[in-house]
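All chains should be built: construct the whole structure from the sequences, respecting the hints.
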Amino acid sequence: MTDKNGHPSFFKSLFSGFFLEELVFPYPHMDKEEEENLNLIRDTIRKFCESYVDSPKFDREEKFPEDVINGMKELGLFGIVIPEEYGGFGLSTTAYVKILEEVAGFDGSMALIIGAHQSIGLKGLLLYGTEEQKQKYLPKLATGEMLAAYGLTEPGAGSDAAGIKTRAVRDEKKGVYVLNGNKMWITNGGIADFFTIFAKEEIDIPGEGKKDKISAFIVTREMGVQSGKKEEKMGIRATSTAELILENVEVPIENLLGERGKGFKVAMEILNTGRVGLAGGNIGGSKTALKYILNHVKERHQFGRPLISFEIIREKVAQIALRIFVAESMVYLTTSLIDRENIDFSLETAMCKVYSTDTLLINTNDCLQMAGGIGYSREYPYEQWVRDARINPIFEGTNEIMRIFTALSGIQERGEYLKKIGKALSDPIKGFGLLTDYAMHYMKNRLTKERIPDVHPTLAKAKADFEEWAKNLHITAERILVRYGKHIIKKQIIQYRIADAAIDLFGMIASISRVDDCIRIKGEENCHKMITLCNTFCGQAWRRVRRNLLMIDKNDDDQLLKITEFITEDEEYRV
Amino acid sequence: MSKILVFAEQRDGKLKKVAFENLSLGKKLSTDLGAELVAVLIGNNISGLGEQLGKYGALKVIACQNDALDLYQPEGYAKILADTVTAEDASIVIMGATLMGKDLAPRVAARLDAALATDCISVEVSEGDLKIVRPIYAGKVRATIRLKSDKKLLTVRPNVYPAEENPESTEVIEVAADPCEIKTKVTEVMAGSKDKLDVTEADIIVSGGRGLKDPDNFHLIANLADKLGAAQGASRAAVDAGWRLYEEQVGQTGKTVSPSLYIAVGISGAIQHLAGMSSSKYIVAINKDPEAPIFKIADYGIVGDLFEVVPKMIEML
Amino acid sequence: MNIAVCIKQVPDTETKVRVSGDKKWIEEGEINFILNPYDELAVEEGLKIAEAHSGEVTVLSLGPDRITSAIRSALAMGANKAIHIKTDKNPLDPMATAEALAQVLREGNYDLILLGKQAIDDDHQQIGPILSEKLGIPAANVVTKLEVSADKITAERQIEGGFEKIECALPAIVTTQRGLNEPRYASLKGIMAAKKIQIEEKIVTVPDDKIEILEINYPPEKPPGKIVGEGADAVPELIRLLKEEAKVIS
Ligand SMILES: Cc1cc2nc3c(=O)[nH]c(=O)nc-3n(C[C@H](O)[C@H](O)[C@H](O)COP(=O)(O)OP(=O)(O)OC[C@H]3O[C@@H](n4cnc5c(N)ncnc54)[C@H](O)[C@@H]3O)c2cc1C
Ligand SMILES: Cc1cc2nc3c(=O)[nH]c(=O)nc-3n(C[C@H](O)[C@H](O)[C@H](O)COP(=O)(O)OP(=O)(O)OC[C@H]3O[C@@H](n4cnc5c(N)ncnc54)[C@H](O)[C@@H]3O)c2cc1C
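Chains as they are written, first to last, in this note's numbering: chain A, 1 to 575; chain B, 1001 to 1317; chain C, 2001 to 2250.
Keep in mind the hints are simulated off the structure, nothing from the lab. Please note: incorrect hints may appear among the correct ones.
As the list claims (entries may be wrong) - Cut-off 30 angstroms, straight-line C-alpha distance, at most; resulting in silico cross-link-like pairs (DSSO-like, lysine-lysine):
1. C:Lys2189 to A:Lys73
2. B:Lys1312 to B:Lys1014
3. B:Lys1140 to A:Lys522
4. C:Lys2247 to B:Lys1148
In this text the structure is predicted, and so the values were computed from the model without any measurement.
As structure tokens, then:
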């Protein structure tokens, strides 16, 4: 229920059958002053983008014009999350993500340039940098004088980031690390001057001997970082994605970021927060596509009627709105967890990322479909939106890896608890404290109806469904743990189902909390749209959760895997 | 008897049409209220204009003349008009919602400490009082209002009330007016520059499509646009053919516009075109094909050959 | 140079305006409020003049609490000071509004007072000229070009089919029209800095409204389109309709 630092995690707890009410109720609000600022910032962004950001042109020319980047610098879009004492604006994660949402509604590449800079490029410095490092670099990063990039991926190490080969050799005499290796697919790779680079160094660990461990480094362009040519991509074409070539790059030892050998943790922590920015941006993309297609389906007539009068079109429109609503509910609940500090939000950000990026792809694709032939035309924005959307389930942790991570972390949490109970039972005297602790906790937080706060009666059914299926999730987690033991690691299809069930449950509780709050503040009569959205989603979601959980026991997985076996053996489709 | 006073706007010794329209409105109101209709002229070299005002129902015309008033001078006009209203003890003052009227009326209202309703589109007598309608929120809604001061000032939108002749034997009184100190000096009047108006900013747009057949024929569009003070637009067919520049293209992949008047000439009304202009307040379509989809969204359509229709429009405007 | 800019908060131009239940005003609930676009021109002009003549820009706005966000956006653009004018009642009559503004403006000793030519909500277009009379200083209204020197201004004001050139001494009032300038965007820096500026509050009593709103209504539904006629013969009728029914040309 808590991470190693003792920070509570809502979802890890849920996997163990505990509902940490205070993390999700009441639904968070932005500080009023910050909200006012945010409105002004959005206003400015809207005006700026309407005048200068020609997304189709940037896409066609595969270039994000330098003067527009300069304009973004002047606006201050590169210093949003940097504290004021370092020349930034010190806005909260919630405000930052809302800004990304606004920007992404105009252009995916633009949002990504900002995101690669702040969500991941300089995030390590913010999280782990020393005071000197911050003083030295943050002011320049805040103004955009330096753009940042995050260099983890390598030709041989993508999802398996721990497998990187880039070497760092410590030269105490010269006071430097010498870095050698190649980084692949680095966003802002051709335009950045500041890189957070991960490399392996040999560390002498007392009792263990010499071992290769990952360390993180702040590397700047003038230390000798070279960029390969800009990759030609399917989407977000205006961004500069490039290989980084590190050839005997000498990095001063003081540019070590975080502790020696703890670089993998740095890399993961950065992505844990960074992901939510991506999730927020994707909401903006969905909103823009929906607004655009609505116009078309109202205007376009077939069979003597506007397209919007046909039920299948109407259903598509509703589903898009639902997905946007749920993504919003999840993302802005999660950003508040980040802003509250000392909370473990790693599962929530992963789930936001999966949900928001998967649904952006579905949403843009549905919009393209509703547009018909013109959807396929390069003169309309639909196809670009689909292309731009496509990257999101791939980077910052593929959605498969995110699901595995979610399921395994959750199940492991359950395992830890069972282990503790087990210990306590086998050594009743020593374990007494633990056991009573657990029992107390269990009594207080156990997923019982009393424990989840009462919500407005219009949401009672949704809440009951959540309770039932959240309970089922943790029972299932326990069951498969008992069944598979450590072999659960290999059961990826089950993990996938667990993760999808968890994501739906997260969507449910985030929406319920949000709408409950809306009703409390504005009154039921002013929340009708939200109530309908929430109850509709919850209805869809618990059925999917049920199916996913039932399919853990009843499925065709073995046959499926058999098919893969003979198809791979034949090396082609031959039946 | 109470008096209704109409400010008869003139420039260069020429009366504005709105002066006659307002007299016609004033006439109606004076009948309903049993009031006397008086017109006020202000300027230099305005003799002779009084008689014209009589034709539209003014019983009395007060012509305030001064050498300093060749051009509109805000404070000068305001003082003279306010003084006249006081001297005549008029209870209603009607001005045009023109750029002069919009400048002058609030000044006069301030001097008289009277209430002013600007840009009115309907003025009626109801229970002995004026019931006034004026659009607000760019015309999205309309406010029906009442003025609570003894003297009520109005500026009325041009073209709302038709000018109707009501000949009266008019008494024209020429007054040597004292404009007092003029602080806001109008030194010169310049004709508008012919700077090209962008379609997105224009209040009226005339667009041409493939029906124009040849780039040279676009002078028809240009001439019509000139007559209306309109911007020129084009369909994509016209742009793709190289007849017009892309900056003029209206539509989904061109510009989105919402002028108060959009005239589509020789444009079929493909959905891509409609997407860019369907929010226009009024749409006029000129097309020889009665089945053309543009007629579905047009407020007014003429089925016919644009090469006959457009020249006739240019001639008549 | 001491410059005042009077600003108003208005609903966004894209707002769907809904009449309130009692038909006396509009529903404010879901409205997104913005700084009146014409006032944005005034703020921009004020800032430009202040930059050129080492001046200071104070924005003044009258209205309920929510208007602080409009004041903030003007400050975020770069205005130096702000006064929120609070009143005992919310005036709907521009004469009353102008009176309240005049009371505060008199205290400020401003060389130049700028405001938008009209607010896009009630569309009265009265405040500039009324202030001119109340303060006894000249006013150039609906201005598209402005030159300011140490003691006078030269302005071009839009009229039908052309411009009037205006000269007057300072102190003076100018109301701004599109074309005068391109308002700048507020930067994050400006927005954050604006937060630190204390908005001064002044409480003013306003005279009673002399305009009474009886009812707010939607305009009548657009009649279905019609074919006016065929060929050139239909032109006179078309022109008549445009003039008299649609009233979009004169
Ligand atoms: C446009 C773009 C920008 C990028 N920007 C950056 C950047 O700024 N910085 C940076 O460091 N990286 C960046 N990346 C790299 C990106 O994060 C990786 O591409 C991503 O992590 C996937 O790694 P991979 O490409 O090696 O694919 P692989 O790891 O080879 O994965 C291929 C497929 O196998 C699946 N898979 C892999 N492992 C498993 C497993 N254990 N179980 C089940 N399925 C598995 C994956 O989900 C995926 O579907 C970027 C990539 C792109 C395309
Ligand atoms: C991807 C894509 C994007 C597009 N984007 C746009 C866009 O942004 N804007 C746009 O406008 N179009 C756009 N189109 C094109 C659109 O589909 C139409 O092809 C185009 O609008 C047609 O232009 P038109 O009406 O001028 O030509 P036509 O459709 O050929 O119509 C010409 C009309 O003129 C009439 N006509 C001919 N002679 C006369 C005469 N003597 N007197 C009166 N009437 C006459 C005809 O009856 C006909 O209705 C796009 C199309 C695609 C596929």
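Status of each hint after checking the structure:
no. : hint                   : in the structure
1   : C:Lys2189 to A:Lys73   : 11 angstroms, holds
2   : B:Lys1312 to B:Lys1014 : 27 angstroms, holds
3   : B:Lys1140 to A:Lys522  : 27 angstroms, holds
4   : C:Lys2247 to B:Lys1148 : 29 angstroms, holds
Violated hints: none; the structure is consistent with every hint.
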